[in-house]
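Given only the sequences and the hints, what does the whole structure look like? Please build it.
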Amino acid sequence: MRYVVLGASAAGVNGVRQLRKHCPEAEIVLVSKDDAVYSRCILHHYLGGIRTKEELCFAESDFETKYRVEWRKGVVCSALREAEKKVVLSDGTELSYDSLLIATGSHTFFPPVEGLREAKGVFGFHNLDEVEQIRDEAAKAEHIVVMGGGLAGIDAAVGFLHSGRRVTLVEMEDHILAKQLDRRSAKTYEEAMEKEGIQFYLGRGVKEVRMGDGGEVTSLLLTSGTEIPCDMVVVTAGVRPNVEFLKDTGVEMDRFGLVIDHHGQTSVPDIYGAGDVTGRSPIWPAAVKQGMTAADNMAGVQTSMDDFFASKATMNFLGIPTMSLGVSEIPDETYTVVMEDNGEQYRKIIHKNGKIYGAILQGDLSYGGVLTQLIAKRIDVSRVKKPLFEIDYSDFFHTKENFEFYYEET
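For the sequence shown, the UniProt record's numbering assigns the number 1 to the initial residue and increments by one for each residue that follows.
Derived from the structure by calculation, the hints contain no laboratory data. Remember, it's a predicted structure, so these values are computed and weren't measured experimentally. Treat the hints with care, since some could be wrong.
To be verified - Here are the computed distance ranges between Cβ atoms for each label pair:
id	residue 1	residue 2	range
1	64	352	44 to 54 Å
2	207	354	16 to 26 Å
3	112	166	22 to 32 Å
4	2	164	48 to 58 Å
5	66	352	26 to 36 Å
6	364	132	32 to 42 Å
7	267	22	19 to 29 Å
8	343	49	29 to 39 Å
9	57	386	26 to 36 Å
10	336	90	49 to 59 Å
11	336	196	32 to 42 Å
Unchecked claim - The list that follows gives simulated cross-link-like pairs (lysine to aspartate or glutamate, DMTMM-like), each with its CA atoms no further than 20 Å apart:
id	residue 1	residue 2
12	33	190
13	355	332
14	187	341
15	195	344
16	21	35
17	73	60
18	187	340
19	53	64
20	355	329
21	247	213
22	85	252
23	120	252
24	66	114
25	53	35
26	120	137
27	179	190
28	352	332
29	33	244
30	85	70
31	247	91
32	85	114
33	120	136
34	352	380
35	355	390
36	53	136
37	385	395
38	207	114
39	53	190
40	195	208
For each residue, glycine too, the CB sits at the ideal point set by N, CA and C.
So this is what it looks like as C-alpha cells:
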C-alpha cells in the first residue's frame, strides 16, 4: 500500500503521523514545496524576532526517520490523473498512489487593486519565504502598511511592533478581527495597539497603489480619498486554496475550495482532503483534526469530524487573552445576548431557544471549555436552571465508572 500526502503543514504532517500509526508496513510519500516543517500560525513571531526559524517547527527533529516517510522536498503537484491514480510533480516526475491526501494549503490573495500586483515592495504574509523577504526589506522601509485587519493582519502588525517598527493598518470593516470579534472586544485591542504605535484606518479600503518612476510603491490612495505614504505593503486581505492542479479533473470543488465530507473523502474514491485547501475553518485545530480524520479513513478506520467544533479562535495580542466561539454578532432579532463587562473582563453569549450559538470571552478564558462544549454539542441550556455564566460540566455531563465524562441528551 502506498499513501501519498501532498503538503507538509498541519494537515499533512498529522496525516502522516496517523497513517503510520495505523499502517506500520505501508509506504508513505510526502510531497511539499517546503524543505522544512513550520507553523504558519506563528510566522509573526519569526518576523518579530521572538522565535528562530528552527523554533517555528512543530514536528519531531527525526520526523522522516521516526515515521519512515519518503519526503519529496522542493516540488509541488502540478497535475492529477485520477483515473491512473498518479500525480505529476513540478520536476516532471510521476508518482503513483493507492490513496491520496490533498493537504496543499492556500496562498495569499492579492485583491484587484490598481497597481497592487505590479508595484515593487508588495508582499504576502502566508509562508516562510514571504516573511523572510519582509524581514529583509523592512529594515530599510520607513512607511509600512498592512492591508487587512483579520488574524493574519494583526499578527503581521504586532510582529512589526516586536521588531521595533511602527506600522499602519488599513481595514475595510469598521473594526479589526471582524470575523472573530464584535466592536466592543475589538476596541480593546485597537486602543492597546494604538498606544504601541499602530495607526488604524478602519472602514476604508485601498483604492490604488501609487508608484515612483522605478515601479516602487510610494503611497496608497484609500477609498475615502485619503492618501497615505507607503514604501512597503504587506497584504493579508485573504487567501485562496492551492487547487490549480485539480483543474480538468473529476475532483469536486466549489467557490471555497476542495469539497470533502465528514470523513475527509472527496468526490473521487481514494482521494481525501484536509486543511486550508478546503477553504473552510482556516484555523490550526481544524486542519489537524481534518488531517487525522482523513488519514484514519484512508487506513480503513472509520472516523468522522461530526464531533468537532471548528468555529473557534483563541488569541493573545499584547497580553490580552481573547476567545471567540461561533457567531460574534446576532444573526437577527430572534437571538438574545447576555453580556458582562467590567472593563478589564468582557463576556458575551448569543443564544436562542435554549441553544448557544456564539460567545466571546476577553480577559479571562476560564469559562471557554464549558462554552465550547455547550456550543459544539448543541446542548439545551434551558434545562439548566442557572445563569448562563454559571453553568459547569456537572450540569450536563455524566461520569462513567472509570471517571470519564460523557454527554447523553435526555
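Results of checking the hints against the structure:
Residue 64 and residue 352 have their C-beta atoms about 50 Å apart, which keeps the hinted 44 to 54 Å range intact. In this structure the supplied range 16 to 26 Å is violated for residue 207 paired with residue 354, their Cβ-Cβ distance being about 47 Å. In this structure, residue 112 and residue 166 meet the distance hint of 22 to 32 Å, their C-beta atoms being roughly 29 Å apart. One distance hint, 48 to 58 Å for the beta-carbon pair residue 2 and residue 164, holds here, with the actual separation near 49 Å.
A beta carbon spacing of about 48 Å between residue 66 and residue 352 contradicts the range 26 to 36 Å that was offered as a hint. Look at residue 364 against residue 132: about 37 Å separates their beta carbons, and that is inside 32 to 42 Å. In this structure the hint that residue 267 and residue 22 lie 19 to 29 Å apart at CB holds, the actual value being about 24 Å. In this structure the supplied range 29 to 39 Å holds for residue 343 paired with residue 49, their Cβ-Cβ distance being about 32 Å.
Here the CB-CB span from residue 57 to residue 386 is close to 44 Å, at odds with the stated 26 to 36 Å. Between residue 336 and residue 90 the beta carbons are some 53 Å apart, a value that agrees with the proposed interval 49 to 59 Å. Under the hint 32 to 42 Å, the C-beta atoms of residue 336 and residue 196, about 36 Å apart, fit the expected range. Proximity of residue 33 to residue 190 is assessed by CA-CA distance (about 36 Å); at most 20 Å being required, the pair is judged violated.
Between the alpha carbons of residue 355 and residue 332 the distance comes to roughly 15 Å, so the proposed pair stays at or under 20 Å and holds. A distance of roughly 13 Å separates the Cα atoms of residue 187 and residue 341; the hinted pair therefore holds under the 20 Å criterion. At most 20 Å may separate the alpha-carbon atoms for a hinted pair to count; residue 195 and residue 344 meet this at roughly 17 Å. Proposed proximity of residue 21 and residue 35 is contradicted: the alpha carbons are some 23 Å apart, above 20 Å.
The straight-line distance between the Cα atoms of residue 73 and residue 60 is roughly 17 Å, inside the 20 Å bound, and the hint therefore holds. For a cut-off of 20 Å, the pair hint linking residue 187 to residue 340 stands: about 16 Å separates their Cα positions. For a cut-off of 20 Å, the pair hint linking residue 53 to residue 64 stands: about 19 Å separates their Cα positions. As the CA atoms of residue 355 and residue 329 are separated by approximately 15 Å, the hinted pair is consistent with the 20 Å bound.
Taking the CA atoms of residue 247 and residue 213, the gap is near 39 Å; set against the 20 Å cutoff, the hint is violated. Between the alpha carbons of residue 85 and residue 252 the distance comes to roughly 16 Å, so the proposed pair stays at or under 20 Å and holds. Among the hinted pairs, residue 120 with residue 252 is inconsistent with the structure: their alpha-carbon atoms are about 36 Å apart, more than 20 Å. About 49 Å separates the Cα atoms of residue 66 and residue 114, which puts this hinted pair outside 20 Å; it is violated.
As the CA atoms of residue 53 and residue 35 are separated by approximately 12 Å, the hinted pair is consistent with the 20 Å bound. In summary, the hint linking residue 120 to residue 137 is supported, as the alpha carbons are separated by about 11 Å, within the 20 Å threshold. With a C-alpha separation of about 15 Å, the suggested pairing of residue 179 with residue 190 holds against the 20 Å cut-off. Between residue 352 and residue 332, the direct Cα distance comes to roughly 10 Å. Compliance with the 20 Å bound is thereby established for this hinted pair.
A threshold of 20 Å between alpha carbons decides the hint, and for residue 33 with residue 244 the separation of about 15 Å falls inside it, so the pair holds. Straight-line distance between C-alpha atoms of residue 85 and residue 70 comes to about 18 Å, which keeps the hinted pair within the 20 Å bound. Restraint check for residue 247 and residue 91: the C-alpha separation of about 19 Å stays at or below 20 Å, so the hint holds. Restraint check: the Cα-Cα separation between residue 85 and residue 114 comes to about 42 Å, which exceeds 20 Å; the hinted pair is violated.
The straight-line distance between the Cα atoms of residue 120 and residue 136 is roughly 14 Å, inside the 20 Å bound, and the hint therefore holds. A distance of roughly 10 Å separates the Cα atoms of residue 352 and residue 380; the hinted pair therefore holds under the 20 Å criterion. About 15 Å separates the Cα atoms of residue 355 and residue 390, which keeps this hinted pair within 20 Å; it holds. Annotation: proposed proximity of residue 53 to residue 136 holds, straight-line Cα distance about 14 Å (limit 20 Å).
At most 20 Å may separate the alpha-carbon atoms for a hinted pair to count; residue 385 and residue 395 meet this at roughly 9 Å. Among the hinted pairs, residue 207 with residue 114 is consistent with the structure: their alpha-carbon atoms are about 7 Å apart, no more than 20 Å. For the proposed pair residue 53 and residue 190, the alpha carbon gap of about 29 Å is over 20 Å, so the pair is violated. Restraint check: the Cα-Cα separation between residue 195 and residue 208 comes to about 28 Å, which exceeds 20 Å; the hinted pair is violated.
Going through the hint list in order, the structure does not satisfy hints 2, 5, 9, 12, 16, 21, 23, 24, 32, 39 and 40.
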